[in-house]
Each structure stands twice: as C-alpha cells, then as structure tokens.
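Protein chains: 4
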Amino acid sequence: MAKKRQARFTTEDLEGLPELEDESPMLWDESRGEVQRRLLTAAVRCFASNGFHATTTRDISGAVGLSPAALYVHFPSKEDVLFEIIRTAHARALAAVTDPALTGIEDPVRHLWALVARYTEWHARYHVAARVSQYELAGLSPEHYEQILETRHRTNVVFRSAVERGVTTGAFAEVDVKRVARAILSLGIDLVRWYRRDGSDSPEQLGEFTAQLALKMAMTPDLDLGPAPRPESTLAS
Amino acid sequence: MAKKRQARFTTEDLEGLPELEDESPMLWDESRGEVQRRLLTAAVRCFASNGFHATTTRDISGAVGLSPAALYVHFPSKEDVLFEIIRTAHARALAAVTDPALTGIEDPVRHLWALVARYTEWHARYHVAARVSQYELAGLSPEHYEQILETRHRTNVVFRSAVERGVTTGAFAEVDVKRVARAILSLGIDLVRWYRRDGSDSPEQLGEFTAQLALKMAMTPDLDLGPAPRPESTLAS
Amino acid sequence: MAKKRQARFTTEDLEGLPELEDESPMLWDESRGEVQRRLLTAAVRCFASNGFHATTTRDISGAVGLSPAALYVHFPSKEDVLFEIIRTAHARALAAVTDPALTGIEDPVRHLWALVARYTEWHARYHVAARVSQYELAGLSPEHYEQILETRHRTNVVFRSAVERGVTTGAFAEVDVKRVARAILSLGIDLVRWYRRDGSDSPEQLGEFTAQLALKMAMTPDLDLGPAPRPESTLAS
Amino acid sequence: MAKKRQARFTTEDLEGLPELEDESPMLWDESRGEVQRRLLTAAVRCFASNGFHATTTRDISGAVGLSPAALYVHFPSKEDVLFEIIRTAHARALAAVTDPALTGIEDPVRHLWALVARYTEWHARYHVAARVSQYELAGLSPEHYEQILETRHRTNVVFRSAVERGVTTGAFAEVDVKRVARAILSLGIDLVRWYRRDGSDSPEQLGEFTAQLALKMAMTPDLDLGPAPRPESTLAS
DNA sequence: TATGAATGAGGCTTCATTCAT
DNA sequence: GATGAATGAAGCCTCATTCAT
Numbered sequence: 008m009a010k011k012r013q014a015r016f017t018t019e020d021l022e023g024l025p026e027l028e029d030e031s032p033m034l035w036d037e038s039r040g041e042v043q044r045r046l047l048t049a050a051v052r053c054f055a056s057n058g059f060h061a062t063t064t065r066d067i068s069g070a071v072g073l074s075p076a077a078l079y080v081h082f083p084s085k086e087d088v089l090f091e092i093i094r095t096a097h098a099r100a101l102a103a104v105t106d107p108a109l110t111g112i113e114d115p116v117r118h119l120w121a122l123v124a125r126y127t128e129w130h131a132r133y134h135v136a137a138r139v140s141q142y143e144l145a146g147l148s149p150e151h152y153e154q155i156l157e158t159r160h161r162t163n164v165v166f167r168s169a170v171e172r173g174v175t176t177g178a179f180a181e182v183d184v185k186r187v188a189r190a191i192l193s194l195g196i197d198l199v200r201w202y203r204r205d206g207s208d209s210p211e212q213l214g215e216f217t218a219q220l221a222l223k224m225a226m227t228p229d230l231d232l233g234p235a236p237r238p239e240s241t242l243a244s
Numbered sequence: 008m009a010k011k012r013q014a015r016f017t018t019e020d021l022e023g024l025p026e027l028e029d030e031s032p033m034l035w036d037e038s039r040g041e042v043q044r045r046l047l048t049a050a051v052r053c054f055a056s057n058g059f060h061a062t063t064t065r066d067i068s069g070a071v072g073l074s075p076a077a078l079y080v081h082f083p084s085k086e087d088v089l090f091e092i093i094r095t096a097h098a099r100a101l102a103a104v105t106d107p108a109l110t111g112i113e114d115p116v117r118h119l120w121a122l123v124a125r126y127t128e129w130h131a132r133y134h135v136a137a138r139v140s141q142y143e144l145a146g147l148s149p150e151h152y153e154q155i156l157e158t159r160h161r162t163n164v165v166f167r168s169a170v171e172r173g174v175t176t177g178a179f180a181e182v183d184v185k186r187v188a189r190a191i192l193s194l195g196i197d198l199v200r201w202y203r204r205d206g207s208d209s210p211e212q213l214g215e216f217t218a219q220l221a222l223k224m225a226m227t228p229d230l231d232l233g234p235a236p237r238p239e240s241t242l243a244s
Numbered sequence: 008m009a010k011k012r013q014a015r016f017t018t019e020d021l022e023g024l025p026e027l028e029d030e031s032p033m034l035w036d037e038s039r040g041e042v043q044r045r046l047l048t049a050a051v052r053c054f055a056s057n058g059f060h061a062t063t064t065r066d067i068s069g070a071v072g073l074s075p076a077a078l079y080v081h082f083p084s085k086e087d088v089l090f091e092i093i094r095t096a097h098a099r100a101l102a103a104v105t106d107p108a109l110t111g112i113e114d115p116v117r118h119l120w121a122l123v124a125r126y127t128e129w130h131a132r133y134h135v136a137a138r139v140s141q142y143e144l145a146g147l148s149p150e151h152y153e154q155i156l157e158t159r160h161r162t163n164v165v166f167r168s169a170v171e172r173g174v175t176t177g178a179f180a181e182v183d184v185k186r187v188a189r190a191i192l193s194l195g196i197d198l199v200r201w202y203r204r205d206g207s208d209s210p211e212q213l214g215e216f217t218a219q220l221a222l223k224m225a226m227t228p229d230l231d232l233g234p235a236p237r238p239e240s241t242l243a244s
Numbered sequence: 008m009a010k011k012r013q014a015r016f017t018t019e020d021l022e023g024l025p026e027l028e029d030e031s032p033m034l035w036d037e038s039r040g041e042v043q044r045r046l047l048t049a050a051v052r053c054f055a056s057n058g059f060h061a062t063t064t065r066d067i068s069g070a071v072g073l074s075p076a077a078l079y080v081h082f083p084s085k086e087d088v089l090f091e092i093i094r095t096a097h098a099r100a101l102a103a104v105t106d107p108a109l110t111g112i113e114d115p116v117r118h119l120w121a122l123v124a125r126y127t128e129w130h131a132r133y134h135v136a137a138r139v140s141q142y143e144l145a146g147l148s149p150e151h152y153e154q155i156l157e158t159r160h161r162t163n164v165v166f167r168s169a170v171e172r173g174v175t176t177g178a179f180a181e182v183d184v185k186r187v188a189r190a191i192l193s194l195g196i197d198l199v200r201w202y203r204r205d206g207s208d209s210p211e212q213l214g215e216f217t218a219q220l221a222l223k224m225a226m227t228p229d230l231d232l233g234p235a236p237r238p239e240s241t242l243a244s
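Protein chains in written order, with this note's numbering: chain A, 8 to 244; chain B, 8 to 244; chain C, 8 to 244; chain D, 8 to 244.
Derived by calculation from the structure, the hints in this document are not laboratory data. Just so you know, even glycine gets a beta-carbon here, dropped at the ideal spot from N, CA and C.
Listing some non-contacts, in silico: residues in chain A with all C-beta distances to chain B over 12 Å:
| hint | residue |
| --- | --- |
| 1 | Arg65 |
| 2 | Thr158 |
| 3 | Arg172 |
| 4 | Gly177 |
Derived Cβ-Cβ restraints for the label pairs, each shown as a range:
| hint | chain 1 | residue 1 | chain 2 | residue 2 | range |
| --- | --- | --- | --- | --- | --- |
| 5 | D | Asn163 | A | Asp205 | 56 to 64 Å |
| 6 | B | Ser38 | D | Ala98 | 54 to 62 Å |
| 7 | C | Ala98 | D | Ser74 | 42 to 50 Å |
| 8 | C | Glu37 | D | Gln154 | 40 to 48 Å |
| 9 | A | Arg203 | B | Ser38 | 34 to 42 Å |
| 10 | B | Glu30 | C | Glu41 | 50 to 58 Å |
| 11 | B | Pro75 | D | Ala98 | 38 to 46 Å |
| 12 | D | Val164 | B | Arg39 | 57 to 65 Å |
| 13 | D | Glu30 | C | Glu37 | 48 to 56 Å |
| 14 | B | Ala76 | D | Tyr79 | 20 to 28 Å |
Throw the hints in and build the complete structure from the sequences for me.
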C-alpha cells in the first residue's frame, strides 16, 4: 500500500454522505459543545471504517473542517476520543437493557423478548459507533479498558439473569444458561460486523427477528441426533 | 502521549507463552519454508492481540528471533503477510464446509448440523487466526480485499443453501432463509471475539452446542407474541 | 516516487537492447575475467542511467544474471566497481591523447585538430562509460577521487600545451590559452550529456566536427563588437 | 563498508560557508515563504555537492536548522524539492534568453552574441543551482521529467533559430546549424561542471568570452585540412 | 564460484502532539 | 477557539554487505 491506507470510506467520501449513515450524532450528551459532538461523530466514522490506528487526527478534524490542532482544544488526546466513544456506546447499550420499563416485565418470555429486541435494535441503530466500541478496544489505555470491561460485565449479567429466570421458572427449556446467554449476545453484537443501514432490515425489524431466534434458542429443548458426522479424512484442513 | 500503544500481549509475552495458544501453526501450507511459517504464526498472534496497524514489523520478526529486515526476505510487505493469513484462513474455513463428506449428507437436518458444527469448530480451533481474518480486513489492499470477499461470498452461499434445502424439503420450519443463515454465520463467527482456549468449551463441544442452536433456529416455527414491549420513555437513549 | 526510482533505462530494458549501446565492453583489460567484465559493463549502464547511488548491487548483478552476493566475489565493494570504471575511462581517454602518433605531429594546427578529434571521438564511442566517469565522481571515496583528479590534470595539460604551442608559434591567433583550452575540453566532454549512438553523428564525424570548431576558436582573432547588449530591465531574472 | 557516502561538502561545511557561494537564494519566487526559500537554497547546495540520492532530508532541513520532519511542512516530498529547483532553474534560464530586449535585436551577430553572453552568464551566476538542474534530472519522477524536457526543448529552439537566422541572412558562414547550436549550448552549459565563483572569471566575463567563441564558430568558414591524422596503431585504446 | 538468508544502518515519510500567535 | 509551524519518535522498507553452504 504505497498510497493511502485502506480507505474503503475516506474522509472525502464521508463528506459526501448524507448527514448521517447511522444515528451516532444522537449519542453524545447534550452537555458537550457542538464542535465536540461533531468531532466524536467524525471519529466514529473514521474509526469504524479504517480502525483506530489507521485514523489520523487530521482525518478526524479534517472531516469537521478543522485543523488537527483543533482536536486538542476539545480532547486531551486521540485515545480519549476513542474512550469517549466506547464509554458512551457501552453506557447507552447497558442503559437500553436496564431501562426500568424492561426490567419490570414479569413474564420471562416477554422479558427476554424485549431485552433482545432492544439490545439488537440499539446496535443496529448505532451500528457504526457500536462497531467501534466492539472492535477497537485494543486502542484503549489499560485504565480505560478496565473501565469498559466493567460495563460489559454488567451487560452480560443482565442477559444471563434473564435466561436463568426463564429456566428456573420453567418458562424456558432446560438449556445451558451461560452458553445460551452468550449466543444471544453474539447475535445482538455480531450485526455490527455486517449491518448496513441500506439493507433490508430496519433496526426494529432486526430486533424483532433476533428476539424470535433468542426465544427459540431458549425455549426449544435440545434435539438428540447423536454426534455430528465427522469425516476423519479431511479433519486437518 | 508517547506511551506505547496498547499491547495487552506484547512480543515478550508471546515468547513466554506455551508453544501455541491455538493451532495456527498447522494452518500453513507445507510448501512454505519453516521460517515463513513461523513468521506467519507470529504475525497471527500480534495482529490478533494488537491489530494490524499497531503491530510493527519488528514485533513480528522479533517474535521469531529475527531482525526486522528479515521479514522482507520472506514476504514482500507487511500487508502481504496479513493477506496470506486472511487468505489461508478463509480458504481453510471454506474448505471445512465444502468437504465432500459434508456436502454428501442427504438429510437436511444432519447436513446443517454437521455444517455448523464443523464451521464453528474450525473457528474455535483456529480462533486467533480467524480473529485476524475477520477483524483485520481493513488492513488489506483493495485488490486483496476483493479477493477475500469472493471467498466469503462462497461460504455464505453454502450456509444459505443448506438452510434453503431444509425449508424447501419441509425438514425445517418456514423460516426466513437469508436471515436465519446470517444468524447462523454470526454464531459461528462471533466466537472469535471471545473464545479462549482455556475456557470451558473445547472446539468440538462448542461446535456441537452451536449446531444445536442452529437447528433450533431453523426448525422451530416462529412464536407469536405480538410486538415487543416498547417503552417510549427512554427510547432516545 | 512510490514505485521504483527513476528508471529511464532499467535493468529489463537493458537486457532487451542489442548487446551494446556503446563500446563499453571493449574497455576492460583482457586480464579481467569474463564475469568481471560483464559486471563492469552492466554497472556502467546502470550508473549512467540512474546514477551511482540510485543503482543497487542487485541491479548490477541482476543484469548479468547473478545474485547480489556474486558481485562481492569479483569486487570488494560497489564503490570499487565505480572506481574501476572511472579509473579505466580516464586512463583510456588520456591514453587516446597521449598516443605517440599524435604527440609526434609537428604542425600545431594539425596537432590540435588530431587531439580534439581523437578526444571527442573517444568520448562519443564510449559515451556511456564516459558519462559515468564525468558525472559520478561524487560517488568515489576521497582517496580514489584524488587519484582520478591527477589523471584529469594530465589530460588538461595536454590540451593547454597544444593550444599554447599554436599561439606561441603564431599558428593560432592571440587567444587566451587557458580559456580556449577549457572551452575545447568542454566541447569534447559535454557530449556525454546528450550523445546517443542512434543520432546522426558517428563518433568519427563528431570528432571531425568538433575539431573544426576547436580550430576556429583557436585560430580566429577576437571580434570587437563592444559589450553585449545588456538590458537592465530584466537582469534579475 | 559503512563509511558515509562521499560528502565533499557536508551540512557542517555548508554552515561554515560565507552566506552564499552563488546567487541561488535570488532564484526563488517572492511568493514563497522565507523557510521554503531557505530550504530550497540548502537543497541546491546539498544536491550540487553530493547528488540528489546521496542527500538526505536531514541534510537539507538540518542546514536550515530544522528537524527532518519540517521539510514536509513545506514540501510534499524530497523529489518535489528537486523538481522545484530544476523547474525554476530551467524557467529562469529560458526567461534569460527570451527576454524581449534580446529577441528584439535585429543584427544576427549581435543577437547571437547577446544570447550566448546572457545564457552563459546566467549559468555562471547560478552555477550551483544550474548544476543540479543539469545533472540531477534522473532524480525526477517521469511526469516531472517530461515537464522539464519541454522547457529544455524551447531553449534549444531559441539558439537554433538564432544560428539559423545568421546563416540564412549571410551574416554567418555556411555552418551546420544544428551542430553549431548544439556546440554553443555545450559551452554555455558545461561550465556548471567546473565553474567556481572564486576562479578568475566573473559571470559577465565568462559570458563575454563564450559569446566570442560562439561567434567564431558561427562566422568562420570551415577549414579544409583533410581527414585528421589517424594512427591505426592505437585505435583500440 | 555462487547464493539464499540475514542484518545493521539508515532513509523517507507519517503522525500525535505542542505552542506561539 | 483555532491554527500553522514544528518536532520527537517511530514505522516501513531498502540496501550494501556478510557468511555458511
């Protein structure tokens, strides 16, 4: 790569896009200044398409029409910009599933249903920021990383508890709680890898669909088919 | 901030590890020289833990006990190392699911079962290399990227066809083929984000478990619970 | 220049050329081995088209079908290759004008005539090597450079003496000996900057023509036209 | 051999020199910033003494008291610095001979006289920059090289036309226009190879002297001396 | 003689960051 | 707040050269 690093989606392209591809701009606290919010939104896009390390401070500030030095008027460092993005996204995602309106749902089936739908929908709606928050953790300082891990843990607990309650109360089948919860989170998160706003699913539709799958996973008893066919011949491949 | 980029797992750490954390070393063609294979294995670890851009050529060559310049005796560029890794991993994963022993299975249920088990197992066994091959695509040159996309597409088709066959033959429920196939792939791939060899699941166990989930998703008819609860109060979050 | 440095005439091109563009291969002592002579010839071409510093040992050895390491079997260093070229070229050029058949010519006019013709012809015939020997002096080590300077001085003296004799004997006009000799050398040397074997002049023709010019410069009395027109307006340009 | 490449005139030496050896600093457009002009002047000296490829960006920026990175604040690349130098020098030299005050001269003799004097004087005055612009063309990118070639062609045409006019009008002898023009240019250019400001010729004197020679070459009819003596004995040398 | 592999020493360039204005 | 200029620290890659084979 003699030219510019991979830029499947460069600064220039970004400027040409409709004001937003996802709803990242709605993510930032109102308390932040206008410029800060625009910088964060620009950073989200850059980090999402090129990765944290392949994004320069010039990419970010340039996307907002400012010089690289301007970034430092608003953030102490590039890493802090990343942290703000990841912290906010994790906090929002956790907030989405700890919303009292959800936690108050008695019925385990409807509870898990709502949980998965909301979580998935959140990730789809903010898929660009969510992508950064899932894939750029390695760019964080150890201290910031620790802090994020904590939020992630709390999110995991929410799902694990929801599955557990269903199993305990008999609303679900006798599934392996940890593994099923883990799979549900996979479905809710992995979409940031491939979701595009211009695809056929709206965030709501994707949320509904994923919730269905989660319930099937939790409510259907295991099939007994014996071990999967395992041809020795090519196992090494 | 001159602080060294996040290196949760640096060259030094790598040297201290047991000979292998996963089975990446088994991935490379026998036709490659010993040194090339060791460089690829080292690169896989570095890219997986720090990312392509945060890995230096010194990290890679140093992990093998060579000088940075030595890398260029064996590969034309750092990007080519990445490409070899991603290309090989994609090719192997595709090979795993196009194994004639699998494609020959008549019964749609047992077919999907085997497919998912094998695919998942492959990703778990080679989770470090697979992680690189899923998350470092942005490091590829446009030409190399195109080439990989092609393999990915063929893999997707394998799964889509398997689900389709089950639905057509009535072995599965009347599910949305594309969406279910997509979800199955998510389960098979997302594990590279969190899988650890020292966890409680062996690649085989994880494969079996995921296959179960896939079948539940494909065979269980949709539940009808009406729209998920949607509290207006906090939707903005 | 992200690609290869300027290669107006690359290794590949060279291989495609008729065996020689100039007669460099005839330059090397018979006492040298075949491989050494081919390496010198290849080096001459590379240095002439790309310059000493832009030529790699791989360029040279590759043009002869050998590996870079092979160069060191025949020469102690790249600089020594350059020195051998420059040394040989300077020695040959000096030899051309100290040929007893020339130095023996009594008539100053015919003497200068012959001197210029032979010197010019030599540079045209070996223009590629001569180009290196004139323009790549900066690539020499100080010791080697000194050595070459000595040969150059002796060559200059030959011309100065020839002009001087003509002026003293009255065969030439009352010209400024040093300046005219210098100008004659300029004509004999500068052709290495632009001479091409495929142009309209053969080395012999160019020699004859240049000799004519030299005689005109030496034999014609100065014109008196007063100072050249010197427009103040644009002197600064 | 790690010995530093030939540096007959290093960064350190440069700093010790009187403010200027030639008038390169007067060459740059006023529109350029101060730092840019100083960088260009420093680069001219470095390129002239060591060659483009043997000059490092550190040499250039260091000569101006800046860090290597500073060069890139002012120029996109080292090659661009070279191009600016060569482009400017070629443009200025062409401007010197297309000055309306010259082109307006009716008398072919006085016209050629003025042309040669001005052209030579220009090269002597700016001999350091001119040396770079004549000998470092191989350092240019193909695109930039093309651009320079165009200017060179236009300069050649100026001289060719001047000689032609003299011949046509009968002011000159029946000389070979192309060859004589070529020789005149050789005299005007070759001085960059050997001219030193501390020598006995001022730019003006050298201009006058060279103009005399040019007129002799153009106005004197050819001598007829028969073929130059050609001793067979040593032709091979 | 020839070479594949290796490397120390850079060279060009980039970049996060600072600072005077 | 904003920026142009500047830079220390690196990063990728090249290259002359060595050496075991």
